[in-house]
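Protein chains: 2
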Amino acid sequence: MDTNIKYYLEDLQLGMKSSTTSVITGKMIDTFAEITGDNNPIHVDSEFAATTQFGQRIAHGALSASFISAVLGNDLPGPGAVFVELNLRFRKPAFIGDVVTAVAEISEINLRTGRIKMKCYCEVNGKKICRGDAGVFVSKRPII
Amino acid sequence: MDTNIKYYLEDLQLGMKSSTTSVITGKMIDTFAEITGDNNPIHVDSEFAATTQFGQRIAHGALSASFISAVLGNDLPGPGAVFVELNLRFRKPAFIGDVVTAVAEISEINLRTGRIKMKCYCEVNGKKICRGDAGVFVSKRPII
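Chains A and B, in that order, give the protein sequences.
Residues in the first sequence are numbered from 209 upward in steps of one, following this note's numbering.
Residues in the second sequence are numbered from 209 upward in steps of one, following this note's numbering.
Only chain A is shown next, with the shape it has when bound in the complex (with noise of 0.2 Å):
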């Protein structure tokens, strides 16, 4: 059993919960806008997002994704699941100081296919600036 995996499929439950925080750097978004080449000015100059209906810098959505893939990733299912598939809307943008945290939740198994579902959201504030599922495939306990 590879000790690196935290849930296999049959250890997880409906409504299994996890969370992940982050503070958004503006430093975070700078290197962001760098790695993904994402360099829209609403994310990465000041000056001209003023002149937007933020009126200042706001982080990626693709970063609030990312948080939620943390979530995934790290914790809840964890390592050696694999991520298929992503679903969110965003409602409002993260700036430069919010605490966001990243929230997901378990809300089907499929114990045949090992495909779960999961609810996601990123909230600032205990207002939700992002929302939508996830779909991730778990592995089975092996035999031993």
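Repeated chains share a single entry, so a pair holds when one copy, or any two copies, can fit it.
Below, a list of computed lysine-lysine pairs in the BS3-like style, where the Cα atoms sit at most 30 Å apart: (1) 335 x 348; (2) 325 x 300; (3) 225 x 348; (4) 225 x 214; (5) 336 x 348; (6) 225 x 300; (7) 348 x 325; (8) 327 x 348; (9) 335 x 300; (10) 214 x 300; (11) 348 x 300; (12) 325 x 214.
Keep in mind the hints are simulated off the structure, nothing from the lab.
Using the hints provided, position chain B relative to the given structure of chain A.
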């Protein structure tokens, strides 16, 4: 008129398409893991990754999502556009050294609401590794 804005809603047509190409590097995956907190060993630990079905480290699915976001944010519809929805299915992983092309094509335009839909995918060597769609709000041309 804001000179950072490339396309207003009225400039867009069905079938308009844009893409961006990135090469996956180990450093890119490590930095992505660092920013997002997604340290799933399938991404960052070569030894663990060697024991999985993929046999080697794979890029985060959220990184492919971010390349798509880059097309939208940089080029089509470009600066000023607000990314409101993303639905993606991940079919194959991207490995270190893979040349990933993210493509987005306008598939619906709602001139009343300003919301457009884009078909999106990433491909490696002509094979789609993920596909889905995105929803974006685009500003109407200001009346001068």
